[in-house]
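Going down the list, the protein sequences come from chains U and W.
The first sequence begins at 1 in the working numbering and counts up by one.
The second sequence begins at 1 in the working numbering and counts up by one.
Keep in mind the hints are simulated off the structure, nothing from the lab.
Predicted model only: the values in this text are computed from it and were never measured.
Mixed in with the good hints, there may be bad ones.
[What the hints assert, rightly or not] In the DSSO-like style, the derived pairs of lysine-lysine whose C-alpha atoms are separated by at most 30 Å in a straight line are:
hint, chain 1, residue 1, chain 2, residue 2
1, U, K145, W, K169
2, U, K283, U, K348
3, U, K145, W, K17
4, U, K153, U, K337
5, W, K177, W, K447
6, W, K17, U, K348
7, W, K447, U, K352
What follows is the residue order along each chain.
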Amino acid sequence: MLPQNTPANVACSELFTEVSPYAVKKEDGRYIITDGTGSVPVSLVPRPKYYGLKTSTGIPFSKISAFHGSYTVITPSPRCDFFDRGIECRYCAGNFDVKDSGGRVYSVEEVLETVDAILKEGASGIIYLSTGFSQAPDGGIEFLKPYIKAIKKHHNCLVAVETLPPKEDRWIDETYAIGADSVLYNLEIFDKELFEFLCPGREKLIGRRRYMDALERAARIFPNGTVASHLIVGLEPPGSTCMGIDFLTGIGVVPILPIYRPSTGRALRIEPLTTEIIIPVYKHLYRAVKKNRINFNWVRDLSMVTTPLEVRGLVDERDGTKKSIVENFYKSKIGLKTAWGLSTLRRKLRVKDSRDPSDSSGQS
Amino acid sequence: MSVEIDTRPLWIILALKSLRPIFFLLLAILFWYFIKMPSPEGLTAAGQNAIAVFLICLILWVSNMIPLAITSIFAIILVPLLGILTKKETYSLFGNEAVFFILGAFILAGAVMHSGLSNRIALNVIKRYGYSPKRLLLCVFLLAAALSFFMSEHAVAAMLFPMLLELAKSLKLRPGKSNYGKFLFHALSWGCIVGGVATFLGGARVPLAMGILKETTGETIGFLDYTVAVLPLVFILLAVGFMILTVLYPIDVAGVDNAGEVIAKRLKELGKVSFSEYAVGMVLLLTIVGWISLGRTLGLAAVALGSVVILFVLRIVRWKDVEDYVNWGIILMYGGAITLGSALDKSGAAAWLIKGVIGRWSGAPWTIFALVSLLTIFLTEAMSHAAVIAVLLPVVIGMAGKMSVDPVVMTYSVATPAGLAFMLPMSTPANGIAVSSNYITVRDMIKGGLIMAIISWVLFNLMAAFYWPLIGFGRLR
Ligand code: SF4
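For reference, chain W alone in the conformation it holds in the complex (with noise of 0.2 Å):
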């Protein structure tokens, strides 16, 4: 058993208590309120209700006054109970291919751990690079944010995970505590974020929105342009990132030198290579060649889950070694988080948020392009990218055209910051993994996610602003 003693004074744990029940009674009559309040304009009753739930679950999901799965559940009994969308297609929805891809991401990640893999990758990262702890951070940064410019940044991190797992076990960081550990799961959701939107690779969102340009306006991005256009961003937003988890959560680990030796011990403890840490080395590698070549076709999670079947075919693993590692809460949290998202998108209550959002700031050019930008930035941690741009593109574009702006220019203002989702487990498959590690709080993924999706959105419309004509692109001023 590992127990925590309160030692504070007892009055303050028995208000702290008492807070709990107020709180539900709050939450409940701020819910009542928003539900039966008259509609604004435009927006229906099922859409009301929608975005009243989808706040109600926010608050939930920030307080963690209960487990994440658990508000998520709450989401799928409210939706159909309130009429947003019925009882069929929100069941449904909770079998969508991102849930199931996480679902294969965590069942891989645990063949790879238990076969003892991933600890001997990362004991072996821990050796060359354990020397300096802010170069081995360093390290997985830049290697996630590579790896995501030429595959799905959903399946770098599923790749990733086990190993910075054992990494943490092997540092011996606690869980929650240790600065070390939230600094190592973040580089990896960061990494994976910033170097996803880098290319088209990085996910489906940025085809999806070159589809939508192409059907509505018969223009086109090609894929050397666009990574052309939003390099640079990527760089700063590397460099600045770093710089902000290096602030908020400095290094408290004095380096691995002195566990060299147990290091040097555990690797030989490990002994050669076993037949079943090649056998899941190779089944990975071919995952890895399968979502970089079959992803677009056959989608990830079927990726994923294909290579799940052939690890119990050629029994390399057994249903309980792995069961374990199958964080079902996370898989709970996504499947209605989805759910929400879908709610939210088909009531009409995310085109009313949009149209009323843009339609009363708007003026100049360049006021639509920082409203799109930032709305889709904040839509885009409630909604799944690709949702986020099949709701907000096609009004976007049509905008773009009764202004006289490019839409190509329009595009580029929710393509890119719609892959920028760094607050929320739920926003994306890379911040619920590294969630799921129990090494950050969902507290520590807002507080540094909120810093980090301001200095995105600035930095993306200074480089729309003075970057773009640099390079002849864009006629926003």
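Bound-form chain U, shown alone (with noise of 0.2 Å):
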């Protein structure tokens, strides 16, 4: 089902893949996913080499960012302000909760020596950085700023941000101005009494009316594409996150669907959806982004996550696992930096600094 060449982060450890139909097998020195009836042969993604390295200041790169194939994670502040309130999302995997070990705050310089790393050994074209939640009113964004601000002026990537929608529209104009070429504002949960309940602190301290409105902003501010949200599929009835999807294309956002995992440990059970009601929401996905004219090619080859374009198989009469042109086009190197120059030009183009003499009243 999934196009070519596409990463795929595949659950191996925690407790509900135990009664996982699948399993992962080595036949012939060859991997392959197998259901006992039928398989489909798979490679593994190398282990970067970067990951055995560390910063100057003696920390592991593999600490501070996550290798997720096209795309890296990383995040200078491993941290939630929702677990010292007892008011974190139930289905949280609990990775910021970083009461006991003080939640190390990476400093500029370490994150540039790990983007440094990421992109000289070529291991992915697309930096993503993410917050956890602050009460800043600028939803994390001025914290991110340096880092941004440092990779942008150093290297030619594309940077990807995931933070909380702020307070203030100006804040999400910010976003773009000073270098984000994609944003993420992860509603996760549409239905409005199920976000309330398994999202307490998004509710209480941000609100999912807020959610909307910042995405809707940004969705006109950034190219098209480029402004995302998760809706968890799992977490709430399948028809719930159908109107999710139809919400977020009709306002022009990509929504991604991650998978429910449930995690070891969390008091919150739910069984994960089974394959025949997943499929649906995946083809209205596809359809709804596809009708509203989203472009599918920024917000791809998401690991852990599904897109738009992986479901393509589902629903396009033609082969839709086979990429086109264009598609393998933008995976290239040279596509990347394509990618990058438009994007750049593009915010060249858009953003007005309203200090800018010639634009103002011609005063100093």
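Build the complex: two chains, separate frames, hints provided.
Spelled out as structure tokens, the structure:
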């Protein structure tokens, strides 16, 4: 079903995988995924070499970054204040619960060294910066600003940013202006009641409405197809997820569908949905994105989640698993450079610094 | 960083961006054409070049394609390059008294603002008049006008400027966007300009005109006679000006009543009047007295700069406290504009324009009066008031003699309109100071200024036709 050469993150160690009908096996020196009746050949993404290296301050790059194939996630401050207040999301895996470890904030230099190593090796072409929750009205973008600026200053690479929706739209404009090529405000759950129940912190301190408004504003500012939001499949009824897909695509946002993976040690117990229930949701995702003419080529190949391009094979009459020339081009090195160039040019045209003297009265 | 994202379709943005090189290319072609075309009769080559430079600079100033100051610098390069004036003359014109007056005004304003005095005055003004935003504007407008009856309008603009800037900040008005901000700074400049024509004391131009009149004809105009003749115009212009501003910039603030608490809190934070506020206030008061009593003999600039020196001698302010308040852009712009005005004058271009226009269109005495006043109003936008009078008045008095028109009446046709420069920031320091606030753009100033210039001209002529005969003055018809 997945197009060729699509990276996928396969859960192996979690408890729920014990009842999975699928298994990854090695046969004649090649890997396959099999359910016992049929099999699909797969290949393992090699562990990047830079994972074995450290920053000049002695921190392993693998600790600062998480390699996901075409993109690498860097979380300079792996902490989420919701945990301190006991209002964390009920489904959260708890990676940002750093009460005990103290939550070391990686410096701009450390992050820059990591990005240097990633790009030098050619491991990924897109750097994905994320934050947990902080109470700042800017949603965390002020914290990420020096990192984005430093990366943009030193490298010609694309930067995606995941923060919380800021309180005011001007921070969204600023997110674009300082160099973010793509932005994610993850709504996670569309159903109002379930959102309130499962995301008490987000509901209390941000509110579902603000997510929607911020996404709408971002979709007006960022290029078509670069604003995205997660809707977790399996935490709400599939019909509700479909309504979320319709809403997001209607305002020009790409819905990204992670599948709910129950975390070991968390109180929330919801059985993961079966493939038969999920497939219609995926089909709906592809059709909605296509109907609203949202660009597929930006948000894709995110190994942990499902993006519209990856489910094309379920719907498209032609062989959806084959990538078009354009799609392959954007995955190539030169394609990434072109995307970066176009994104930079667009920013240059769109962003007006109101202090620019020739745009004002001409006074200093 | 204050950013704005242009959400218009990309093709529109791209088309607009590509207009810039096309604009400069067309401008270069136009300029080339102006300086290469055969000189009209009576106009020297230098005069033709001066007009070409003036037109190009006017287009650049109005279009704001490059900062105003850079256009002025461009003018300073072109004037000697095209042989209009010598290099020495060109650069020395930059050291004009008006330039130094503006410099002094900025430093004084900086000292007043840094001391906190302007903040205190602004907060008290809002507290007193802020319950009605319109009343506050009227108060600023009339205050600027009334003060300009008795002292130089330039000095009034310089004096009120820091207070208004603080006022705009307290009201959180957005520079360049807020209608109220635009209204406020127009009220300052228009109040000063209209008030400045009411008496001999509003500026140097009327005494200069009297001097020329006396020298050429032996006649003169008394202080009271002049004021009685122009006062109705001043009152009507104040009413009309306020109405125009009300229509152009509908008030977009809902009063400051609910800000009352904030203002009270901020006033409390300011505490009692500090020593530096007293000291700066005293120096400012002395400056105003100096402007009124010594302005004519010493010059406004010398008084302003003298006060600046006193501020530093007494260590009331330090350079780093005030240097941010000095708007070098406006100073450069003004210096260049003065150079350009002189280039028009000394190359004979201004005289050629005057003779050409008046000679071609004049017939009956009243048409001469109307034409001269119209020409004065438009020339004064490009040249200093005094320069317009110096260039125009001798020609006009000469023509008056030939056409049997009272030279005294014709003196009014130049002396009064020469003060009515509403359109450009380089026309008069009051406009320059208002634009330096960044609340008004050059385009805003032209929009309102053009309407005001036309209305002023019409009203001035109506007054000459209908009011002057009533007071037994004028032999036009
Ligand atoms: S915002 Fe929610 S999901 Fe994200 S780290 Fe915090 S608690 Fe977890």
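Status of the hints after comparison with the structure:
1. In summary, the hint linking K145 (chain U) to K169 (chain W) is supported, as the alpha carbons are separated by about 28 Å, within the 30 Å threshold.
2. Under the criterion of a C-alpha separation no larger than 30 Å, the hint pairing K283 (chain U) with K348 (chain U) is inconsistent with the structure, at around 37 Å.
3. Pair hint K145 (chain U) plus K17 (chain W) holds up; C-alpha atoms about 28 Å apart against a cutoff of 30 Å.
4. For the proposed pair K153 (chain U) and K337 (chain U), the alpha carbon gap of about 15 Å is at most 30 Å, so the pair holds.
5. Our distance criterion of 30 Å between C-alpha atoms is met by K177 (chain W) and K447 (chain W), whose separation comes to about 15 Å.
6. For a cut-off of 30 Å, the pair hint linking K17 (chain W) to K348 (chain U) stands: about 11 Å separates their Cα positions.
7. Taken as a hint, the K447 (chain W) and K352 (chain U) pair is honoured in the structure, with Cα atoms around 24 Å apart against an allowance of 30 Å.
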